[in-house]
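S.K.: Residue numbers (the working numbering), protein chains in the order written: chain A, 1 to 90; chain B, 1001 to 1391.
Treat the hints as calculated values from the structure; they're not laboratory data. Built from N, CA and C at the ideal position, the CB exists for glycine as well. Any given hint could turn out to be false.
[As the list claims (entries may be wrong)] A few chain A residues facing chain B, derived, Cβ under 8 angstroms: (1) Leu8; (2) Trp43; (3) His52; (4) Val59; (5) Arg62; (6) Phe66; (7) Thr70.
[Unchecked claim] So these bits of chain B aren't anywhere near chain A, every CB distance computed over 12 angstroms: (8) Arg1026; (9) Ser1048; (10) Pro1149; (11) Val1170; (12) Ala1171; (13) Ile1199; (14) Ala1227; (15) Ala1238; (16) Arg1241; (17) Arg1242; (18) Pro1244; (19) Met1295; (20) Ser1349; (21) Trp1365.
[Unchecked claim] What the simulated footprint calls covered on chain B by chain A, stretch by stretch (three residues with Cβ under 8 angstroms from a Cβ of chain A suffice, anywhere in the stretch; the number is not a length): (22) 1332 to 1344; (23) 1350 to 1363.
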Amino acid sequence: MAGVLKMLGRTRFGQWLWTQSHRRSWLGGGVGVLTAAVRSAEWAALRRLPAHRRHDAAVRARLAAFEAETRSAAPDFGTAPGLARRPALW
Amino acid sequence: MTGPTPPDILLPFSDDSTLFFAQAMRALLAPLPCRTRLALLTEGAALSPRQLAALPHGPDLTLNGGDLAGGSGGDLAGGSGGDLTGRSGGDLASGPALAGVDAIVTARMFPPLQALLGYDGPDAPLRPVSRPPARPVVVSFQGGLDFTPERGFAHRHAADAVFVVPRGQVAACRTWRRRVGAGPQIVDFGHPAFLAPQILQRDVAQALEPPRDIYFFAQAISPLTRASRRHIVEVLAALARRHPDRTVWIKLRHLPGENADHLHRERHDYPGLLAGLADAPPNLALTACPMAEAMAGAARGITCTSTAAADLVQAGVPTQIYVDYVENYLDPLMPPMRRLFGASGLVASLDEVLHGVVRAPDPDWLADMFCPRDLGERVLAAIAAARGSAG
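I would like the entire structure built from these sequences, with the hints used as guidance.
M.R.: So, in structure tokens, the structure goes:
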């Protein structure tokens, strides 16, 4: 579906539609919703690929292990120097 | 328009990216025999008052598109085809904004600039263009690290001179020019964001003493997804918990909602993601301070994107480029980023980011990516050469 839309986007009609979608808000909204739906479906399919699932799981597991190491060392936030060296924006 | 008189150079900008470029170019040209003026293009401008405050005295000029394309004037403003070689440039030079301007040095081919050059859009056939004597010389820089260089060459084909990075793109641009039979006469290597660093890298031990902070340099669209950006916040929170004696800063390029009209619109802002983190450590904080201030205070800089990475390397800040984040496969900027920085020695795994393993940039990669520091002189030489060869 995404491939079909990309091909459509390269045609003269697709480019006319793209231009019109910027000029007419109702059409722009429709094209936006359609694009978002296609992208969402495409992303969901990519997330399900085994290699991608393994990558995300490995990264999350490594981060969790690092956090567990830190927590076991129990740093003392209350007395840490340098925390108020510069006011944070938020 | 020819002769040895110092050129009057216009530096147009309309958003933060092009403002950074214009300021850097003005700084490069400041000691050289020329006059520079920063010109804010109001058409399509996407700058907040906070971002404009980077210019304490404001822009030297404020132009609308018509000013740049020749005021009320003439057929060139329409830019709708025909052979430019024989066209009069009188309308352009007679526009009040461009009177006396010898050259326009730009990071982006703004629509009015395209109109000035008679550029007909990306789908129009490319044509050889020679500069009418009255038109200012246009020197265009390929925008930082362009992941689709040929598209960038095509956008700039009507400019008189083009500067590109990395070094290999000079040959690529010349080859492309021969193939399409059009393109700028002058092609050179460089970008003000890619000047060779004056020091290879701060000594890491020195960088740690007195204790400096850890900075993550954010960008609007990469990482792309909510999950990937939340993962970045979680990594930074983990670092903050591991280093309670330091502050881990998320250096924002935009405030939330700022630059809604920017080319790179941010969908998942870091302040919102940090607010949603249940157990955020107190030493993980947000800042929108100037880049130079952040780099001065950084023991190391972590980033996922090219512009910040280039700034960090140029400043000698120990740099880690992290592209192994969650859902990186959904980010179209990740593969070219990995390719471009693959030989730099700066791409860091999650383990290296978490444990602070920092390497110096590879010297060969540096020589290919960062240009000699005489860029200002070469820009003036390009302007002089183009003025001397007016059609």
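S.K.: If a hint holds in the structure, say so; if it doesn't, say that too.
M.R.: Hint-by-hint comparison with the structure:
1. Checking Leu8/A against chain B: minimum C-beta separation of about 16 angstroms lies over 8 angstroms; hint violated.
2. The interface hint given for Trp43/A holds, since its Cβ lies 6 angstroms from the closest Cβ of chain B, which is under the 8 angstroms cut-off.
3. For His52/A, the interface hint holds, since its Cβ comes within 8 angstroms of a Cβ in chain B; the closest pair sits about 5 angstroms apart.
4. Annotation: interface hint on Val59/A holds; nearest CB of chain B at approximately 5 angstroms, less than 8 angstroms.
5. The beta carbon of Arg62/A comes within 5 angstroms of a beta carbon in chain B, closer than 8 angstroms, and the hint placing it at the interface holds.
6. Look at Phe66/A: its Cβ gets to within about 5 angstroms of chain B, closer than 8 angstroms, so that hint holds up.
7. Look at Thr70/A: its Cβ gets to within about 5 angstroms of chain B, closer than 8 angstroms, so that hint holds up.
8. The claim that Arg1026/B is not at the interface with chain A holds, since no C-beta of that chain comes within 12 angstroms of its own (minimum 28 angstroms).
9. The claim that Ser1048/B lies off the interface holds: its Cβ sits roughly 15 angstroms from the closest Cβ of chain A, which is beyond the 12 angstroms cut-off.
10. The beta carbon of Pro1149/B sits about 20 angstroms from the closest Cβ of chain A, which is more than 12 angstroms, so the claim that it is off the interface holds.
11. The Cβ of Val1170/B sits about 30 angstroms from the closest Cβ of chain A, beyond the 12 angstroms cut-off, so the non-interface label holds.
12. Remark: the non-interface label on Ala1171/B is consistent with the geometry, its nearest Cβ contact in chain A lying 29 angstroms away (cut-off 12 angstroms).
13. With a closest Cβ-Cβ approach of about 25 angstroms to chain A, Ile1199/B is found to remain outside the 12 angstroms limit, as its non-interface label requires.
14. Remark: the non-interface label on Ala1227/B conflicts with the geometry, its nearest Cβ contact in chain A lying 8 angstroms away (cut-off 12 angstroms).
15. Not every CB of chain A is more than 12 angstroms from the CB of Ala1238/B (nearest about 5 angstroms), against its label as outside the interface.
16. A cut-off of 12 angstroms between C-beta atoms contradicts the statement that Arg1241/B is not in contact with chain A; the least separation is 5 angstroms.
17. The non-interface label for Arg1242/B is inconsistent with chain A: the shortest C-beta to C-beta separation is roughly 5 angstroms, within 12 angstroms.
18. A cut-off of 12 angstroms between C-beta atoms contradicts the statement that Pro1244/B is not in contact with chain A; the least separation is 4 angstroms.
19. With a least beta-carbon separation of about 14 angstroms from chain A, Met1295/B lies farther than 12 angstroms from that chain, consistent with its non-interface assignment.
20. Against the 12 angstroms criterion, Ser1349/B falls within the reach of chain A, whose nearest CB is about 9 angstroms from its own CB.
21. For Trp1365/B, the condition that its CB be more than 12 angstroms from all CB atoms of chain A holds, with the nearest at approximately 26 angstroms.
22. Against chain A, the stretch 1332 to 1344 of chain B contributes 0 residues with a C-beta closer than 8 angstroms to a partner C-beta. That does not satisfy the three-residue criterion, and the hint is violated.
23. For the stretch 1350 to 1363 of chain B, the proposed coverage by chain A is satisfied: 3 residues have a C-beta within less than 8 angstroms of a C-beta in that chain, meeting the threshold of three.
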